[in-house]
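Undergrad: Protein chains in written order, with the numbering used here: chain A, 314 to 422; chain B, 77 to 885.
A hint or two may mislead.
Unchecked claim - Using C-beta positions, here's what the derived DEER-type ranges look like:
1. A:Ala-398 to B:Val-667: 32 to 42 Å
2. B:Gly-129 to A:Thr-396: 31 to 41 Å
3. B:Ile-189 to A:Thr-394: 30 to 40 Å
4. A:Gly-338 to B:Gln-549: 29 to 39 Å
5. B:Asp-163 to A:Ala-398: 52 to 62 Å
6. A:Ala-398 to B:Gly-783: 14 to 24 Å
7. B:Val-667 to A:Gly-338: 43 to 53 Å
8. B:Ala-827 to A:Asn-380: 43 to 53 Å
As the list claims (entries may be wrong) - Below, computed lysine-lysine pairings styled on DSS-like, alpha-carbon distance capped at 27 Å:
9. B:Lys-871 to B:Lys-817
10. B:Lys-668 to B:Lys-434
11. B:Lys-828 to B:Lys-572
12. B:Lys-632 to A:Lys-334
13. B:Lys-681 to A:Lys-334
14. B:Lys-787 to B:Lys-824
15. B:Lys-871 to A:Lys-334
16. A:Lys-360 to B:Lys-632
17. B:Lys-218 to B:Lys-195
18. B:Lys-455 to B:Lys-434
19. B:Lys-661 to B:Lys-745
20. B:Lys-626 to A:Lys-334
21. B:Lys-273 to B:Lys-218
22. B:Lys-80 to B:Lys-165
23. B:Lys-828 to B:Lys-524
24. B:Lys-871 to B:Lys-632
25. B:Lys-668 to A:Lys-360
26. B:Lys-835 to B:Lys-824
27. B:Lys-572 to B:Lys-732
28. B:Lys-626 to B:Lys-787
29. B:Lys-178 to B:Lys-195
30. B:Lys-520 to B:Lys-787
31. A:Lys-334 to B:Lys-860
32. B:Lys-828 to B:Lys-745
33. A:Lys-360 to B:Lys-745
34. B:Lys-632 to B:Lys-681
35. B:Lys-178 to B:Lys-165
36. B:Lys-681 to A:Lys-360
37. B:Lys-732 to B:Lys-681
38. B:Lys-626 to A:Lys-360
These are computed hints drawn from the structure, not numbers from a lab. We put the CB at the ideal spot given by N, CA and C, even for glycine.
Single-letter residue listing:
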Amino acid sequence: MSWIDVGSIEEIPLRGARKVKTALGCVALFRTADAEVFAATDRCPHKGGPLSEGIVHGQSVTCPLHNWIFDLNTGQAQGETATIATFPVRVEAGRILIDGSQLTARSAA
Amino acid sequence: MTQKLVIIGAGMASGRVIETLVDADPAAFEITLFNAEPRGNYNRIMLSPVLSGEKQYAEIVTHDDAWYAANNVTCRFGEPVIGIDPDSKVVQGKNGPVAYDKLIVATGSAPFIIPVPGKDLPGVITYRDLDDTNAMIEASAKGGKAVVIGGGLLGLEAAAGLAERGMDVTVVHLMGHLMERQLDEAAGYLLRRDLEKRGITIRTQASTKAILGDGKAEAVLLEGDETLPADLVVMAVGIRPEVRLAQEAGLDVARGIAVTAQMQTSNPDIFAVGECIEFDGQLFGLVAPLYDQAKVLAHTLLESPDAFVVRDVATKLKVTGCDLFSAGDFAEGAEREDIVFRDPSRGVYKRLVIEGDKLVGAVMYGDTADGNWFFQLIKDETDIEDMRETLIFGPAFQGGSPSDPLSAVAALPPEAEICGCNGICKSTIVEAIQNGAEDLGAVKATTKASASCGTCTGLVEQLLQVTLGDDFQMPTAQPICGCCDLTHEDLRRLIKSQELKSQEAVWQELGWKSRNGCHVCRPAVNFYLLADWPLEYRDDPQSRFVNERKHANIQKDGTFSVVPRMWGGITNAAELRAIADAADKYNVPTVKVTGGQRIDLLGVKGEDLPYIWSDLNKAGLVSGHAYSKGLRTVKTCVGTDHCRFGTQDSTGLGIKLEQILWGSWTPHKVKLAVSGCPRNCAEATCKDVGIICVDSGFQVGVAGAAGMDVKETERLIDVPTEAEAIEWTVAFIQLYRENAKYLDRPYKWVAKVGLEWVKDVLSDAQERERLVAAFELSQSIYRKDPWAEHAATAKAFQPMADLTLEAAE
């Protein structure tokens with residue numbers, strides 16, 4: 314794992330989300346509680362809705378386009394057979410660290 | 077051979093080291109104990125009961141003079157240590173040097189002082205030792221106002237103690253809820269409620285800017301320039317390890333003094349213990365790990381092998397009447413599940429956090445009897461899979477009864493108002509039921525409850541069930557969502573009657589089954605709270621759908637549309653030029669004229685929103701709220717200004733209405749129109765409110781629709797003057813805001829409550845006046861341009877980080 318500091322947890326509103334641009338497309342960071350952050354792909358598998366614009370509740374997010382609900386622990390869509398990719402993320406001393414080894418897949422590699 | 081052991085600091089950790097040493101081998105060491113405080117070891121944890129007056133200092137002394145004498149400890153109390161010389165193995169005290177074979181640094185911690193102007197004024201004290209406690213007791217004797225900065229464990233204990241001693245206490249806390257390191261929001265809410273009940277004012281998300289005063293502390297200045305008068309300021313924002321001596325002696329120091337699992341510092345003859353150390357990247361502030369360290373250190377000195385291991389610790393607050401418990405890790409982490417239990421009638425909240433088949437965290441409030449049992453499950457990493465279903469009921473789960481969905485209604489006090497229309501309280505209804513009114517119709521007939529608008533029907537039915545038990549067959553009402561058992565109507569009424577003014581209050585008092593609602597109930601709760609408590613509750617963007625949070629309509633490709641307001645459909649060349657310039661500058665692919673008489677710029681990128689808004693703002697254009705559950709447009713015809721048939725100034729009235737109503741949040745979108753004559757060019761007869769001007773005045777129609785349903789407006793009233801038309805319109809919209817179900821357009825709401833009821837309410841001049849005033853009060857907060865506000869925080873619309881650049885390296 315290679316942890317990359319992507320910013321302060323305070324930059325994400327409580328029960329809100331922000332996105333991070335990566336080589337694999339946008340990754341959404343969801344702040345579900347004071348010091349609880351999840352990372353998942355920002356694209357809903359249904360119609361491509363930006364999940365970082367959805368309503369964050371409990372440890373889930375609802376897609377803003379058609380209300381698909383994803384469990385942020387597993388990426389599983391509620392009542393559907395689809396999943397979204399989730400990524401390791403942790404919070405340390407108020408900074409958000411995301412595992413870069415999965416996200417910076419180099420074209421040279 | 078007896079070795080010379082010198083200890084710097086007579087706190088709880090070093091006290092436990094001495095106890096363990098003299099118990100095991102009294103002859104092993106000749107001990108010299110330094111303490112900067114002029115006293116020996118006392119139980120610091122019990123300072124809070126001393127502050128509150130429940131205990132005296134003498135009762136919390138752990139080691140008195142006789143004990144030190146009996147155990148041959150040379151005490152040098154009240155004498156600060158000036159330095160350590162590790163080469164010659166000498167400790168330099170203020171009154172002279174002492175040589176050592178082994179040295180223990182137990183300097184503890186120092187309170188953290190936030191670096192604001194005025195921090196050194198007399199009257200600003202910290203809360204750490206007996207002297208601080210005595211200073212607070214002395215200050216409180218004069219009464220007056222105290223401000224405690226810091227809403228953590230220590231700050232709250234100080235606040236409760238000072239309140240107990242008669243001071244008027246305000247707690248200023250930087251974070252969103254109290255004790256955020258130990259509690260989640262729900263438990264934080266309950267704690268706040270209990271502290272407020274005992275007269276303590278709590279200010280969260282409040283940042284201290286300065287302490288003001290001439291010669292002594294007189295007030296605390298907050299960010300936002302509010303001042304809180306204060307005769308006493310207590311700073312309890314945290315502690316940091318006291319490492320100065322260790323640093324000067326050349327020991328390895330990170331945040332604390334670095335030690336091994338044997339408590340050894342980077343110098344083999346120097347050890348450290350307690351709050352001053354750092355082990356494995358962690359600091360320690362609670363007593364349990366300190367005692368573990370003390371035992372390990374004593375064993376190390378006696379050359380018996382032992383190692384310190386970091387364990388989970390549990391927290392309890394020592395404020396009488398505030399029963400809380402927190403243990404383990406309940407905050408962070410993927411792969412975790414929650415079990416939540418709430419019993420509003422008893423003010424109980426319990427949350428267990430489970431990872432895999434193990435319990436990893438527990439937060440409890442109100443009933444903490446099972447705390448230690450849960451703590452044991454966490455520490456032992458017990459497999460809880462088999463008892464998962466009933467785990468939250470604790471060790472006595474076999475007898476545990478499931479939570480009662482009716483408990484919220486059962487918990488209401490007798491004087492709680494159930495039927496707002498007729499002012500009927502719970503006790504009246506219960507009495508009627510007990511006297512034989514055993515169904516809804518009978519209750520309606522005898523008490524008038526739910527006989528008017530009918531929105532309290534669900535509550536009356538629940539009262540029937542609570543009172544009659546199984547004798548009453550509950551009709552199945554549709555709850556809002558899976559998070560609760562309440563209908564929208566019940567929820568609205570309970571928010572009003574129970575005076576619930578925050579989301580946490582709703583979750584707790586009404587027994588929500590999820591942590592913070594879902595995308596169905598939370599936007600509704602957010603609206604009900606802001607509509608009923610405009611001053612106490614503020615709109616929460618995180619409880620709004622994307623369009624209302626972004627103040628723009630999301631399109632199917634993830635871009636947004638931007639619609640500036642055109643008051644009454646009127647614009648001018650300068651505005652049109654600004655719109656054209658913006659369309660050019662931001663490469664807007666589609667520009668469309670809308671049905672609401674304005675212009676839509678479609679296909680704007682999310683990142684560009686704050687910039688295009690800023691440009692439009694400069695030309696005087698503001699948000700058209702084309703995205704909100706609020707006032708959209710007021711469509712007008714040209715009226716008497718230009719039209720030969722016009723009877724009144726319909727354009728002018730439309731503009732006036734739009735300027736009064738814009739920015740307000742409503743249950744669903746609201747569209748108005750004003751036509752200048754019955755030819756109705758503005759299509760006013762299919763709007764939520766549509767006004768037709770006639771020679772004799774204004775015909776105000778309401779509850780029209782032209783969407784999924786098409787419906788003509790119904791006449792609310794005919795009035796002779798423009799002022800009355802405005803008054804009736806505003807009163808109608810406020811009545812709709814106060815009573816309708818979230819996401820019901822006015823025509824749906826009117827169909828439920830009946831136009832007659834609406835007319836009855838609004839024909840009361842006093843009630844109309846109240847409704848207009850209530851609307852104005854809410855508008856004093858919400859009648860402003862969200863674009864201007866958000867343009868100032870453009871950064872929040874950009875990606876937080878761009879890792880594609882890292883990939884290229």
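Undergrad: Next step is simple, just say for each hint if it's right about the structure.
TA: Now for the hints, and whether the structure bears them out:
{"no.": "1", "hint": "A:Ala-398 to B:Val-667: 32 to 42 Å", "verdict": "holds, 38 Å"}
{"no.": "2", "hint": "B:Gly-129 to A:Thr-396: 31 to 41 Å", "verdict": "violated, 59 Å"}
{"no.": "3", "hint": "B:Ile-189 to A:Thr-394: 30 to 40 Å", "verdict": "violated, 57 Å"}
{"no.": "4", "hint": "A:Gly-338 to B:Gln-549: 29 to 39 Å", "verdict": "violated, 55 Å"}
{"no.": "5", "hint": "B:Asp-163 to A:Ala-398: 52 to 62 Å", "verdict": "holds, 58 Å"}
{"no.": "6", "hint": "A:Ala-398 to B:Gly-783: 14 to 24 Å", "verdict": "violated, 38 Å"}
{"no.": "7", "hint": "B:Val-667 to A:Gly-338: 43 to 53 Å", "verdict": "violated, 30 Å"}
{"no.": "8", "hint": "B:Ala-827 to A:Asn-380: 43 to 53 Å", "verdict": "violated, 26 Å"}
{"no.": "9", "hint": "B:Lys-871 to B:Lys-817", "verdict": "violated, 35 Å"}
{"no.": "10", "hint": "B:Lys-668 to B:Lys-434", "verdict": "violated, 58 Å"}
{"no.": "11", "hint": "B:Lys-828 to B:Lys-572", "verdict": "holds, 20 Å"}
{"no.": "12", "hint": "B:Lys-632 to A:Lys-334", "verdict": "holds, 20 Å"}
{"no.": "13", "hint": "B:Lys-681 to A:Lys-334", "verdict": "holds, 15 Å"}
{"no.": "14", "hint": "B:Lys-787 to B:Lys-824", "verdict": "holds, 11 Å"}
{"no.": "15", "hint": "B:Lys-871 to A:Lys-334", "verdict": "holds, 15 Å"}
{"no.": "16", "hint": "A:Lys-360 to B:Lys-632", "verdict": "holds, 8 Å"}
{"no.": "17", "hint": "B:Lys-218 to B:Lys-195", "verdict": "holds, 22 Å"}
{"no.": "18", "hint": "B:Lys-455 to B:Lys-434", "verdict": "holds, 10 Å"}
{"no.": "19", "hint": "B:Lys-661 to B:Lys-745", "verdict": "violated, 31 Å"}
{"no.": "20", "hint": "B:Lys-626 to A:Lys-334", "verdict": "holds, 19 Å"}
{"no.": "21", "hint": "B:Lys-273 to B:Lys-218", "verdict": "holds, 23 Å"}
{"no.": "22", "hint": "B:Lys-80 to B:Lys-165", "verdict": "holds, 10 Å"}
{"no.": "23", "hint": "B:Lys-828 to B:Lys-524", "verdict": "holds, 18 Å"}
{"no.": "24", "hint": "B:Lys-871 to B:Lys-632", "verdict": "holds, 24 Å"}
{"no.": "25", "hint": "B:Lys-668 to A:Lys-360", "verdict": "holds, 25 Å"}
{"no.": "26", "hint": "B:Lys-835 to B:Lys-824", "verdict": "holds, 16 Å"}
{"no.": "27", "hint": "B:Lys-572 to B:Lys-732", "verdict": "violated, 31 Å"}
{"no.": "28", "hint": "B:Lys-626 to B:Lys-787", "verdict": "violated, 31 Å"}
{"no.": "29", "hint": "B:Lys-178 to B:Lys-195", "verdict": "violated, 39 Å"}
{"no.": "30", "hint": "B:Lys-520 to B:Lys-787", "verdict": "violated, 31 Å"}
{"no.": "31", "hint": "A:Lys-334 to B:Lys-860", "verdict": "violated, 33 Å"}
{"no.": "32", "hint": "B:Lys-828 to B:Lys-745", "verdict": "holds, 18 Å"}
{"no.": "33", "hint": "A:Lys-360 to B:Lys-745", "verdict": "holds, 26 Å"}
{"no.": "34", "hint": "B:Lys-632 to B:Lys-681", "verdict": "holds, 12 Å"}
{"no.": "35", "hint": "B:Lys-178 to B:Lys-165", "verdict": "holds, 8 Å"}
{"no.": "36", "hint": "B:Lys-681 to A:Lys-360", "verdict": "holds, 18 Å"}
{"no.": "37", "hint": "B:Lys-732 to B:Lys-681", "verdict": "violated, 33 Å"}
{"no.": "38", "hint": "B:Lys-626 to A:Lys-360", "verdict": "holds, 20 Å"}
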